[in-house]
Structure formats: structure tokens, C-alpha cells
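There are 4 protein chains.
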Amino acid sequence: MRVKDETKQLAIVENTLCVVSEKGFAGVKMADLAKRVGLSVSTLYVYYKNKEDLIMSIAVDLIERESQRSEQEIVEALPFKLKLKTVWLFWVNFSINHRKEMSFLEQLKKSPYYGKLPNSVKERKSKLSTALIDQGKKEGLLKNVDNDILMAILIAVMGETVKLIIHDKMELSQNNMDLMFSMVWDAIKS
Amino acid sequence: MRVKDETKQLAIVENTLCVVSEKGFAGVKMADLAKRVGLSVSTLYVYYKNKEDLIMSIAVDLIERESQRSEQEIVEALPFKLKLKTVWLFWVNFSINHRKEMSFLEQLKKSPYYGKLPNSVKERKSKLSTALIDQGKKEGLLKNVDNDILMAILIAVMGETVKLIIHDKMELSQNNMDLMFSMVWDAIKS
Amino acid sequence: MRVKDETKQLAIVENTLCVVSEKGFAGVKMADLAKRVGLSVSTLYVYYKNKEDLIMSIAVDLIERESQRSEQEIVEALPFKLKLKTVWLFWVNFSINHRKEMSFLEQLKKSPYYGKLPNSVKERKSKLSTALIDQGKKEGLLKNVDNDILMAILIAVMGETVKLIIHDKMELSQNNMDLMFSMVWDAIKS
Amino acid sequence: MRVKDETKQLAIVENTLCVVSEKGFAGVKMADLAKRVGLSVSTLYVYYKNKEDLIMSIAVDLIERESQRSEQEIVEALPFKLKLKTVWLFWVNFSINHRKEMSFLEQLKKSPYYGKLPNSVKERKSKLSTALIDQGKKEGLLKNVDNDILMAILIAVMGETVKLIIHDKMELSQNNMDLMFSMVWDAIKS
DNA sequence: TATGAATGAGCGTTCATTCAT
DNA sequence: GATGAATGAACGCTCATTCAT
Chain G
1 MRVKDETKQL
11 AIVENTLCVV
21 SEKGFAGVKM
31 ADLAKRVGLS
41 VSTLYVYYKN
51 KEDLIMSIAV
61 DLIERESQRS
71 EQEIVEALPF
81 KLKLKTVWLF
91 WVNFSINHRK
101 EMSFLEQLKK
111 SPYYGKLPNS
121 VKERKSKLST
131 ALIDQGKKEG
141 LLKNVDNDIL
151 MAILIAVMGE
161 TVKLIIHDKM
171 ELSQNNMDLM
181 FSMVWDAIKS
Chain P
1 MRVKDETKQL
11 AIVENTLCVV
21 SEKGFAGVKM
31 ADLAKRVGLS
41 VSTLYVYYKN
51 KEDLIMSIAV
61 DLIERESQRS
71 EQEIVEALPF
81 KLKLKTVWLF
91 WVNFSINHRK
101 EMSFLEQLKK
111 SPYYGKLPNS
121 VKERKSKLST
131 ALIDQGKKEG
141 LLKNVDNDIL
151 MAILIAVMGE
161 TVKLIIHDKM
171 ELSQNNMDLM
181 FSMVWDAIKS
Chain S
1 MRVKDETKQL
11 AIVENTLCVV
21 SEKGFAGVKM
31 ADLAKRVGLS
41 VSTLYVYYKN
51 KEDLIMSIAV
61 DLIERESQRS
71 EQEIVEALPF
81 KLKLKTVWLF
91 WVNFSINHRK
101 EMSFLEQLKK
111 SPYYGKLPNS
121 VKERKSKLST
131 ALIDQGKKEG
141 LLKNVDNDIL
151 MAILIAVMGE
161 TVKLIIHDKM
171 ELSQNNMDLM
181 FSMVWDAIKS
Chain W
1 MRVKDETKQL
11 AIVENTLCVV
21 SEKGFAGVKM
31 ADLAKRVGLS
41 VSTLYVYYKN
51 KEDLIMSIAV
61 DLIERESQRS
71 EQEIVEALPF
81 KLKLKTVWLF
91 WVNFSINHRK
101 EMSFLEQLKK
111 SPYYGKLPNS
121 VKERKSKLST
131 ALIDQGKKEG
141 LLKNVDNDIL
151 MAILIAVMGE
161 TVKLIIHDKM
171 ELSQNNMDLM
181 FSMVWDAIKS
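The listed protein sequences correspond, in order, to chains G, P, S and W.
First residue of the first sequence? That's 1 in my numbering, and the numbers climb one at a time after it.
First residue of the second sequence? That's 1 in my numbering, and the numbers climb one at a time after it.
First residue of the third sequence? That's 1 in my numbering, and the numbers climb one at a time after it.
First residue of the fourth sequence? That's 1 in my numbering, and the numbers climb one at a time after it.
Simulated from the structure, these hints should not be mistaken for lab results.
Quantities reported herein were computed from a predicted structural model and do not represent experimental measurements.
The reader is advised that the hints may include incorrect statements.
You can't tell identical chains apart in this list, so a pair holds if it fits in one copy or across any two.
Computed cross-link-like contacts, SDA-like style, restricted to lysine to any residue with a CA-CA straight-line distance of at most 25 Å [claimed, not checked]:
hint	residue 1	residue 2
1	LYS81	GLU52
2	LYS35	ASP134
3	LYS169	ILE133
4	LYS109	GLU171
5	LYS138	ASN15
6	LYS29	LYS143
7	LYS8	SER40
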């Protein structure tokens, strides 16, 4: 299954992302979705076995692509602080440019769907980042506290930064980004 | 005249909070809720005009109680850093002890219900905190950046702190709390 | 039962009439009605055993009062055509001034409630009128056709006359009334 | 692809007509209707978007067919009185043979549904008849009064005629029909 | 008598999913 | 493979009526 029309396939994903980010998973109605992409409901069920399959497939795809990106983003040669900043800023930018995907992922984590994801997929995500943080600690640049805590801070502030920009409470300027990163850095640096 | 069972009223709220924090607003089914509190569906509609009324009533209650608490929690006499720390820790503790309420409020903000809240209720919330931050800036203790940004950092880290504790990734010890606050403080101090 | 507050009693009837004429019997909601007249629902059930009783009581009342009026309205001394015209015009006027009652009665006839009226009440209505028509036939002034037919014509045109006036398609002037009656008269006169 | 059972469609309309003429629009219960025609409730909603759509669709259909019939029924060549009689009798007959449809239409006019009909549908109905009446007035055969009044008389007597026959108070014989029409004619002729 | 509390039986509607061609 | 037809299981809500004080 899931072979035929690639265009439709993409349209389904795109539309699902759209609706989920606006109205949540419950807002996705199979009939609606089918109409939007110009398919009959029953044909939609040829592409995806059911609603769960639809959402899980998209989720797995998204997460896998995200992991790949993390790996590519790290430029080994840079000094630690700059390396971290680069990655951090990359994700801020990425989150803003892929709001829908991020929103989908965010909602996924709180939904019952998340629990059904294969562990292999769930684990894959954070590996990279912990390696990075370990390096910082080894170099004596980061506070010697649990990785989870440092990660939490990094991600929390990143999330708020994105929100501030999306909600037009802050401009996406070099200055502001420098400021925001300096604040996280101050928080986690030893 | 039959007499109203005050217990039921509380049970309704309690159960709603429970379900919302576990499955979101959509997870609240009037029939289900009625059964949980030992009432018939129609009686539930005697207490609340409809589902929206149920949720909004609880929301307004929660927010008002939250505002009151904020006001009470501030001990004017303390030096700024300590004052902020006290408040911040109070909310960390409170959030942990009232997970369901907090989860409800968190979801409320992203739901269409939030937009329907009377402005008077919405506005009341933030006043206190901005006053506190203003003081910190006036005393030259906080970075001279937008209040929204400082608030965002404070709240973001608070949220993550709570999550770490709830998910058993960190103990709720004096040491850990000192650590966490020191991290936020480092981030926002001038 | 049904003894206490005469004012409430009247208010109930008045409100029921109002609602029925606007939205039909189904539009009468016991709870609504109670609120309108400043009674609790349960007290409304002290006045009337149930919704059917409420409607039937009003119906019987209305019909009985209507019959009485018919009797009073006939001035024996007049010549037949004038006598008929007087009665006919009386009813046109009455129908206009008591739209709600008439509407109630009209709807009653098509409703399942009508079948439940005691025959004694149903029969009483037309007696008078048939006597009048019989007289007209005896005097050779009316077509010698079945009373039902003559009655039907009289009533049908009366109904349309009322409608024309109520819907502002005709003025309630002496001329117009003369015209309308002359039309019925032409139809039924021998 | 399963093929649509055209019978069902008709059965829905037929049953709706039946129920409406017996118990009014409120008497139509979607679940009941579905059962009558051997469909599940949800399938009924495949045929019609909702209850209003069901009723409005039938209404529009009926009115349009009625208008068409009016147009066809007029035989231009006949002298006026005969032409009018033909049409009048046609509608008497039609009303008797299509009681349910007529009852539906009658109730429609008093229901809130009527106000929601597109004007194009509402207007179409009366054009023909007014043309006919105008002719009668031009030829000096009808009383020179407002068309609304003449129409009202024609329709009112028609309605009563139908009722008399349906309620078995009069036979549908040539004689009786001649009589009834002569009565209307006497009423409206100049 | 008066009334707030409580309820069962229903109703219109939605939606993910399956059937049959 | 594609699709229109069909459906069961819910869900939110209403309302006449009864209960219990």
C-alpha cells in the first residue's frame, strides 16, 4: 500500500499538519481531510489504514527527519560555546519556519499517540544533544548538573523564545537572538 | 425541597480537573462525568448550563483563586532576590501540589475557551508579577530587557523544573531548588 | 387543587396562549412557562397535573366561553340577513381582537389534544349556528344545501377576512366589511 | 462502489410527507424515519445534511412541481368562467389526491421553515393565478376588488370543499362540485 | 403549599470505519 | 485501486415529570 499518487500523499501530510496545528488531533476529520486533498474517504483508507496510522506515520516521519537534521547541524570544528549557540539558534529558526511540524510534535508528546510510538523512535531524538552537553561539561564550561536539567533549560528557553517571536512580542533580530542565548548561557554555564 | 449535596458540586470540579489533565477538554464527556460523581446527566445540566459553562466556571474560579494567592504570597519586607525566590519557589511547589489545576490552566490557554474568558479575568493575572519585575529592574538587579522576556524565562524554567520533579528526574530537595533558582537568576540578573 | 393565587392562574393562561399562538403547543416548555409567571416548575404542577391538563383546561375554558358568547350575540328581533351579518361581523371582530385565543383553538383542532376533549365540549360549539342557518333556510333565504356546506363557506371566508386584516392586506373599515359579507352572502343566498 | 437504492430516496420523502401531515414537522424524528425506510440514522444524514435540509428539500421540490402543474393546467382557449372552474376543480381534485403533500405545504407556510425558503421559490407560485384573475376583472366578470381578496375567497372555499370531502361530509360528485363552484362564483362574480 | 433537586427517555448530529462494486 | 453507500457507537443537550423537604 501507500504507493500511488505521491502528490496526494504529500497533500495529505501537509493538510494534516495544518489542521493539527490549528485544532489539534481531534480536529482532523477523515472525511474533511479526504475532501481537502481531492480524494474519496475510502481512498484515504487505502493510503492509511486508519486515523491512528495516519498520525503515527506522520509522527515517525517527522521525528526521523528531525533527528537527521540534528546530526547534520553540528559543526565539530567550532569551540564549544559557539557550537552550542549555532545548534540552539538553528533550532530556534527551524521551529519558527516549521511551526506546524513543531506544533504537531508538541501536541504529540501530550497525546495518547505518543505512548504508542516504538521506543526506537522515541529514543533516537535526544542522543545527539546529550553528546554535545557531555562535551561542555567535560570542558568545564557547563554547570556540573544532570544532563536532563541542562537540556530542560535549553529547551524551555528555546520554546519561549520561539513563542515570543511567533506572537510578535519580539523581533527575530541578531541582537535579540544574542540576548536570548546569552541568557540561557548564563543560566547553564559553570 | 430536596437539599443540594455540596459534595457533588466539588466532585464535579474535581473529576473535571482530573479528566482534563489526563485527556484534555475533549476528553470530558458529560455522561461520563455524571456517572463518576453519581449524578444523572440531566442533573449535571442543572449545575452547569452546558459543557462550556462547566469548563468556563471552573476556569474562572481557578484563575481567581490563583490571582489571590499570588497577591498573598509576596512578602514586601524581603530584599528583592529573596522575594523573587520565595515567590518563584512558592509557585514551583504549588504547581507540583496542584498539578491538575495547573494542567487545566495550561490547556485552557491554548484552547478556544480562553478567548471567551471575560477580559477582567484575563488581565488580573499578570499585574502582580510585572510589578515585581519592575522593582528588580529599578534596583538594577535584573537585565534591562522587556518584561515579557524576563517573565518568559522565569516561567519556562519554572515549568521545566516542575516537569523534572513530576517525572521523577529530579528530587524536590532544598539543594535542587536552590540550584534551579540560581540558574534562572543567572539568566536574568544584570 | 387549583385554588390559590388567581393572578398566577391568569398569568399561566395568558402566557400559554401567547406561546402557543407563536410557536405551537410544542413551543410551550413547562420550565419556561413557570419562569415567566414567577413560579417554580413544581408549583406549576400543583396548578395543573401535567402539560396535557394545562392545555386541555385552557381549551375547555376557551370553548365554553366561546359558546356562551355565540348565544349572547344573537339578537332575535332582527331580520335574518342582518342577524346573520351581525353575528358574522361579531366573530370577525372577535377573532381579530382575540387572535391568540383563536390561534390556540385553530391549532387545537389539528392537534392530538382535540381528540381527547370530552364530546360534550366538542358538540356544544356549533349548536347555535345551525339553528340560525336552519332559520335562514326555512325563510327561503339560503341555498337549500347541507348545513355543513353553508357553515363551511361562512367560516372559510370569515377566516380569510381575518387573515387579510391581520396581515395588513385589508383595512378593517365598514366598507370592506360590507364587501366581505356581501361576498359570503352572494355565495350562500338562494 | 455500492449503488444507491433510488427506492430509499423516495421512501424517505413519502414517509416524511406522511408523518408531517399527521403530526407536523416536530413529529418527524430522524431515527424513526430512518427505521421506517430501512436505513441507519447515519445513512439518512448521507441523503440529507440535517433535518432542516430534509424538510426544505422536500418543500422546494413540492412547490416547484406545484408551480409547473399550475402552468400546465390552464387551457387558454376556454371562456373565462369555464377556464377558472377547470383550474379550481383541478386543484380541488389534486388536493384530495395529494392530501399529504398539501398538508405539508399548508404547515410549511406557518412554520419557521417557510421564512428560510429562497425568494425565487416563494414568488413563483402566485404569478399564474393573478394573471387569471386579472383577465376575469378585465372582462368585467369579477368584482372589482383587490386580487388578494378574490384569491382568498377562491382558496378558502376550495380548502373547505376539500375538507368536507375528506371528512366524508360531502361526496365528490359532479353535482356537488358544480354546487361548490357556483357558490364561489356567486361570491366573486360582479 | 411551595420549591429546589433530580431524573429517564429521547433527539439531532458527528465521525471513524467498513462494504460492495 | 478507487469510490459512493452504509453504519454503529457516541456525544451534547432538552424536557416533562417526580422526589423529598
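Q | Contradicted hints - numbers only | A | Hints 1, 2, 5, 6 are the ones this structure does not satisfy, whereas the remaining hints hold.
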